[in-house]
Amino acid sequence: TQLLEQSPQFLSIQEGENLTVYCNSSSVFSSLQWYRQEPGEGPVLLVTVVTGGEVKKLKRLTFQFGDARKDSSLHITAAQPGDTGLYLCAGSMTTDSWGKLQFGAGTQVVVTP
Amino acid sequence: DSGVTQTPKHLITATGQRVTLRCSPRSGDLSVYWYQQSLDQGLQFLIQYYNGEERAKGNILERFSAQQFPDLHSELNLSSLELGDSALYFCASSVEGGASVAFFGQGTRLTVV
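Chains Z and W, in that order, give the protein sequences.
Counting from 1, position 30 in the first sequence corresponds to residue 30 in my numbering; the numbering is continuous, with no gaps.
Just add 113 to the spot in the second sequence (first one is 1) and you have my numbering.
Keep in mind that the hints are not guaranteed to be accurate.
In silico contact screen, one side only, chain W against chain Z (beta carbon under 8 Å); selected entries [unchecked claim]:
1) 116
2) 155
3) 156
4) 158
5) 197
6) 199
7) 203
8) 214
9) 217
10) 219
Quick list of simulated restraints, FRET-style, between CB atoms [what the hints assert, rightly or not]:
11) W:224 to Z:22: 50 to 58 Å
12) W:121 to Z:3: 41 to 49 Å
13) Z:28 to W:153: 21 to 29 Å
14) Z:16 to W:166: 45 to 53 Å
15) Z:16 to W:131: 46 to 54 Å
16) Z:52 to W:133: 23 to 31 Å
17) Z:28 to W:214: 37 to 45 Å
18) Z:30 to W:116: 23 to 31 Å
19) Z:14 to W:178: 41 to 49 Å
20) Z:108 to W:196: 18 to 26 Å
21) W:173 to Z:30: 22 to 30 Å
Sample of chain Z residues facing chain W (criterion: CB under 7 Å; computed from the structure) [as the list claims (entries may be wrong)]:
22) 39
23) 41
24) 46
25) 78
26) 103
27) 105
Please keep in mind that the hints were generated in silico from the structure rather than gathered at the bench.
By construction, the Cβ of each residue, glycine as well, lies at the ideal position given by its N, Cα and C atoms.
The whole structure should be built from the sequences, with the hints applied where relevant.
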């Protein structure tokens, strides 16, 4: 059983459309990270959020951490084919070791031209 | 390129065999983490080493072991392999043991036949 539930599992959209990926848990996290993983590559960190209610923007990507620090969302505006990849959220309940991150199962996003 | 190097990139072996996966961390990074990624379990933390010593342990099987050498490279040893051990094995590294960010290598895809 995953501590972090991601939805949807798969998302296929046309270039220019918007999309939102959700990451939910019943547990409280001290911080939450979002990664993107492309085929044949390791996950690459996109953002870290640490404060409840925090919103961070990275170009067309907007990340939000829930007020209670139990959930997060990733919103992509005007998606491009280069946004295609597996998006993973990962939560940390401690501050003493990065390795104790709990990863969600991921959302596979496919953006077609 | 994250700067973390993993070898080999692909490995095919038979059940019951033993294999060694190698990881060279980024220059200057003291901490190495091993992760297993499978379709049904997602990314699972296995073990962390910091400056040659075991720092944290996750869901690592007794058939698996790891070590970090004086030059800071790390090896993950998998023995008595089973079909279910087929997965992507990632190494990540960070400067500190309690770092909030780490960088993943490209992974080793292990196939047990």
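Looking at the structure, which of the earlier hints fail to hold?
1, 5, 6, 11, 12, 16, 17, 22, 24 and 25
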